[in-house]
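Based on these hints, arrange chain B on the given structure of chain A.
2 protein chains.
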Amino acid sequence: MSNKLISREEDYSKWYNELVVKADLAENSGVRGCMVIKPYGYAIWEKMQAELDRMFKETGHENAYFPLFIPKSYFSKEASHVDGFAKECAVVTHYRLKNDDNGKVIVDEDAKLEEELIVRPTSETIIWDTYRKWIESYRDLPILVNQWANVVRWEMRTRLFLRTAEFLWQEGHTAHATEQEAIEESQQMQRVYAEFAENFMAMPVVKGFKSESERFAGALETYTIEALMQDGKALQAGTSHFLGQNFAKAFDVKFTTKEGKREHVWATSWGVSTRLMGALVMTHSDDKGLVLPPKLAPIQVVIVPIHKTDEQLDAISEKVGEITTELKKKGISFKFDHRTTYKPGWKFAEYELKGVPLRIAIGPRDLENGTLEIARRDTFEKKIISFEDTISHIEDTLEEMQQNLFNKALDFRDNHITEVETFEEFKEVLKGKGGFVSAHWDGTIETENRIKDLTKATIRCIPNDAKVEEGKCVFSGAISNRRVLFAKAY
Amino acid sequence: MSNKLISREEDYSKWYNELVVKADLAENSGVRGCMVIKPYGYAIWEKMQAELDRMFKETGHENAYFPLFIPKSYFSKEASHVDGFAKECAVVTHYRLKNDDNGKVIVDEDAKLEEELIVRPTSETIIWDTYRKWIESYRDLPILVNQWANVVRWEMRTRLFLRTAEFLWQEGHTAHATEQEAIEESQQMQRVYAEFAENFMAMPVVKGFKSESERFAGALETYTIEALMQDGKALQAGTSHFLGQNFAKAFDVKFTTKEGKREHVWATSWGVSTRLMGALVMTHSDDKGLVLPPKLAPIQVVIVPIHKTDEQLDAISEKVGEITTELKKKGISFKFDHRTTYKPGWKFAEYELKGVPLRIAIGPRDLENGTLEIARRDTFEKKIISFEDTISHIEDTLEEMQQNLFNKALDFRDNHITEVETFEEFKEVLKGKGGFVSAHWDGTIETENRIKDLTKATIRCIPNDAKVEEGKCVFSGAISNRRVLFAKAY
Numbered sequence: 001m002s003n004k005l006i007s008r009e010e011d012y013s014k015w016y017n018e019l020v021v022k023a024d025l026a027e028n029s030g031v032r033g034c035m036v037i038k039p040y041g042y043a044i045w046e047k048m049q050a051e052l053d054r055m056f057k058e059t060g061h062e063n064a065y066f067p068l069f070i071p072k073s074y075f076s077k078e079a080s081h082v083d084g085f086a087k088e089c090a091v092v093t094h095y096r097l098k099n100d101d102n103g104k105v106i107v108d109e110d111a112k113l114e115e116e117l118i119v120r121p122t123s124e125t126i127i128w129d130t131y132r133k134w135i136e137s138y139r140d141l142p143i144l145v146n147q148w149a150n151v152v153r154w155e156m157r158t159r160l161f162l163r164t165a166e167f168l169w170q171e172g173h174t175a176h177a178t179e180q181e182a183i184e185e186s187q188q189m190q191r192v193y194a195e196f197a198e199n200f201m202a203m204p205v206v207k208g209f210k211s212e213s214e215r216f217a218g219a220l221e222t223y224t225i226e227a228l229m230q231d232g233k234a235l236q237a238g239t240s241h242f243l244g245q246n247f248a249k250a251f252d253v254k255f256t257t258k259e260g261k262r263e264h265v266w267a268t269s270w271g272v273s274t275r276l277m278g279a280l281v282m283t284h285s286d287d288k289g290l291v292l293p294p295k296l297a298p299i300q301v302v303i304v305p306i307h308k309t310d311e312q313l314d315a316i317s318e319k320v321g322e323i324t325t326e327l328k329k330k331g332i333s334f335k336f337d338h339r340t341t342y343k344p345g346w347k348f349a350e351y352e353l354k355g356v357p358l359r360i361a362i363g364p365r366d367l368e369n370g371t372l373e374i375a376r377r378d379t380f381e382k383k384i385i386s387f388e389d390t391i392s393h394i395e396d397t398l399e400e401m402q403q404n405l406f407n408k409a410l411d412f413r414d415n416h417i418t419e420v421e422t423f424e425e426f427k428e429v430l431k432g433k434g435g436f437v438s439a440h441w442d443g444t445i446e447t448e449n450r451i452k453d454l455t456k457a458t459i460r461c462i463p464n465d466a467k468v469e470e471g472k473c474v475f476s477g478a479i480s481n482r483r484v485l486f487a488k489a490y
Numbered sequence: 001m002s003n004k005l006i007s008r009e010e011d012y013s014k015w016y017n018e019l020v021v022k023a024d025l026a027e028n029s030g031v032r033g034c035m036v037i038k039p040y041g042y043a044i045w046e047k048m049q050a051e052l053d054r055m056f057k058e059t060g061h062e063n064a065y066f067p068l069f070i071p072k073s074y075f076s077k078e079a080s081h082v083d084g085f086a087k088e089c090a091v092v093t094h095y096r097l098k099n100d101d102n103g104k105v106i107v108d109e110d111a112k113l114e115e116e117l118i119v120r121p122t123s124e125t126i127i128w129d130t131y132r133k134w135i136e137s138y139r140d141l142p143i144l145v146n147q148w149a150n151v152v153r154w155e156m157r158t159r160l161f162l163r164t165a166e167f168l169w170q171e172g173h174t175a176h177a178t179e180q181e182a183i184e185e186s187q188q189m190q191r192v193y194a195e196f197a198e199n200f201m202a203m204p205v206v207k208g209f210k211s212e213s214e215r216f217a218g219a220l221e222t223y224t225i226e227a228l229m230q231d232g233k234a235l236q237a238g239t240s241h242f243l244g245q246n247f248a249k250a251f252d253v254k255f256t257t258k259e260g261k262r263e264h265v266w267a268t269s270w271g272v273s274t275r276l277m278g279a280l281v282m283t284h285s286d287d288k289g290l291v292l293p294p295k296l297a298p299i300q301v302v303i304v305p306i307h308k309t310d311e312q313l314d315a316i317s318e319k320v321g322e323i324t325t326e327l328k329k330k331g332i333s334f335k336f337d338h339r340t341t342y343k344p345g346w347k348f349a350e351y352e353l354k355g356v357p358l359r360i361a362i363g364p365r366d367l368e369n370g371t372l373e374i375a376r377r378d379t380f381e382k383k384i385i386s387f388e389d390t391i392s393h394i395e396d397t398l399e400e401m402q403q404n405l406f407n408k409a410l411d412f413r414d415n416h417i418t419e420v421e422t423f424e425e426f427k428e429v430l431k432g433k434g435g436f437v438s439a440h441w442d443g444t445i446e447t448e449n450r451i452k453d454l455t456k457a458t459i460r461c462i463p464n465d466a467k468v469e470e471g472k473c474v475f476s477g478a479i480s481n482r483r484v485l486f487a488k489a490y
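Chains as they are written, first to last, in our numbering: chain A, 1 to 490; chain B, 1 to 490.
There's no promise every hint is true.
Covered stretches of chain B, going by a simulated chain A footprint (3 or more residues, C-beta under 8 Å) [claimed, not checked]:
1. 17-31
2. 61-74
3. 89-96
4. 126-135
5. 150-156
6. 364-372
Just so you know, these hints were derived from the structure itself, not from any lab.
Backbone N, C-alpha and C define an ideal beta-carbon position, used for all residues, glycine too.
Next up, chain A with everything else stripped away, as it sits in the complex (with noise of 0.2 Å):
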């Protein structure tokens, strides 16, 4: 299989397709809409995951574990939750195969469920379930819980990490005594949330509250950031919902508050997942392939040796070493690639390809000199470098690099939000430069959906720092007091 991408300018959806392939991130599996994800994409998911771990246990959550089945009647208890999830639900029915008369394999039709279990789309109905043993006084408010799991979504059609029929994630589900705090919870974890793309991923994202027909099924309010791709579609990144006492409600969950009154607990929930993956991918990597933030990068540099005899390589071999001794004391993560089976060219395409941050060349001539070559993934610039100066140079441009993806994908977003005051520009600025586009809107959702089926473009969130200035909706007329972000999205 060549190495060599399609471009972004030709068909960046296979590009995408094709890079998340070739650079070994994952890949189709045998199951109809899952996906594998290889040790390389995997590497970078755990790093994503120990870093939001991190924000989310400073923030007071503790990680458990709950069921990955839920009783179709638990299921059924919050209406427009099952409205929102009955439609792409993996039903198990049966415990037990069994071998039929000729010795094939079946199902055992004696082996019938009584009542029907959902693979998990989510953990609202099973973690209020327990919630409601867990919750007697205001002393046991709040809780503050978070898991890992996955989770299954039977979407008729998939992409690799941003939608398969199961992906991995994490749920937050706090409960809380009063509404204040559950509203506050939602809306720190939207700026933990936020904090983690920009500052770990380099993506810049809006952040807002959606729309009515855009909320999770069962909330109240729905936080979302949201991020810009390189096509100039967005891609909703994360989420954080106030889910009132919807839950408490539909599970009988109340608590007895400090002067003695019985009242139902308020709730929220908060997730993102392996979707993230094909944000990050699409918002840094270029037609070489990957471009990895240095912060999420399994391998952050690379050290390749360039030489004719095993003399020489010993001799590179040891300078290495000093300087991989270096990198090590500073938690920089490093490979040294001396394996001979391939070419020096072969590895420096390979390493771009999984967007390896900086790739140090060294060869017989560097010895002599006491220098090496450094080549920056982002920029491609190379520089040569004194022995004595690598490792403040290697430090130093790991920082820069991770500054400069974030101000490129910034200047990137800015230059693709697009405030419109007609439909007609509304249409010109999707058909053309695309991005995000700020309008008035009228607040209803028939406007919303009759912009929808003319554009495909949908609201991707009221930003929270929306600022109140009257105007006409774009496609009613109708008044409106402050713009919303619309977009084509993922």
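The following block gives chain B in isolation, referenced to the frame of chain A:
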């Protein structure tokens, strides 16, 4: 709910069930056989995961993720494998729910899968279907991959952690060019598991291999680590399988050797699960609650202030702040429980129940004297320690406790390995003190089954270090050349 437990003496099985629930480790869920792992229990599991994951990576393994679902046809490809798991499989047959005419939520019969999907009970089949695409030549080998995942085995009689329909585990799946390398890998992972059990769980284990009838379905050899619980029953704590070329043949996975020949690949798989949580509880705990080895305790030191006035608490808190600053530097986890809603006596009992290794009590008189009281969970020994000696005392005692717990369990285990020569003795030991019975066995499945029927004892393993020794089978009298370990087991 009272926090007092029934004693082990009175009802060991009930003691275990009560302890797991009351110490906030886990509880049964509304889904038959599926447990909820509560935050305190999950925190212990996270510590186990972190150490195991580090050990896997140090031995060259990478993590990846494979689908939850396995098509029935894959599952059927390795004959003994499907026989081993067919009777306990959760089967997904549909992918949609709908409302019936009365608005009730039902399974949509129009959304029936063409081929049923099995919720993975283990992942050999889906992984070897994937490896076929990854392996072309000897250059692609070995593949050293692990996944952390949930699996489902439909057990009829379940117990928290020990036997649940869904459980969490890791499963390593490796692919090798030679038989020898695969055997070495499976033996290496047995050693890794034994090291983890002994050095972190403080749980001594016997390393051995299984008799044919106790082997994993599809394995040529199953290496095991076997531990002994306080009630004299054995517990299989981890297994590592040499799979030969069985899965490579079933899934047609071949590679080109250096010499250009096409050969089937050699395989191993190995796993430990949340079952280890049950083993941990049953190895060390007592009638007052959990006893945790310091290396796996989520909280290593709890500090309880003894005070009457707010001023006293302020003065205590200031001193505690100095201590916890030092603990943080040393990487020792702690909790300062200054809640005024609970009394010190209640807190003492609570942290005993939860197995916190060290408890510090500190009051106004201690401040005057420059001392505090430190109590050990394992021996209940209390000591008055000066402020200046506090940190070093904590460090030393935690280390000593880790060693002490291991030694105690080792003594118990070694006192419960009984060599017998006759079947009468065999039965007497099982009826009396229990534990491992070391006996000669003629090597036949018939004898093994007869002994099992008559005594409920199974062959736990043939110890790796079993010495060659002529003898007669304890049951049939036939010639045998080594002893094996029998026991009743979880």
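The hints, checked one at a time:
By the rule of at least three residues with a Cβ nearer than 8 Å to a Cβ of chain A, the coverage given for the segment 17-31 of chain B holds, with 4 such residues. By the rule of at least three residues with a Cβ nearer than 8 Å to a Cβ of chain A, the coverage given for the segment 61-74 of chain B holds, with 12 such residues. With a cut-off of 8 Å between beta carbons, the segment 89-96 of chain B has 8 residues touching chain A; three or more are needed, and the interface restraint holds. Coverage of the segment 126-135 of chain B by chain A holds. Counting CB-CB distances below 8 Å, 4 residues qualify, and the rule asks for three or more.
A stretch counts as covered by a chain when three or more of its residues have a beta carbon under 8 Å from one of that chain; for the segment 150-156 of chain B and chain A the count is 3, and the coverage holds. Counting residues of the segment 364-372 of chain B whose C-beta lies closer than 8 Å to any C-beta of chain A gives 0; at least three are required, and the coverage claim is violated.
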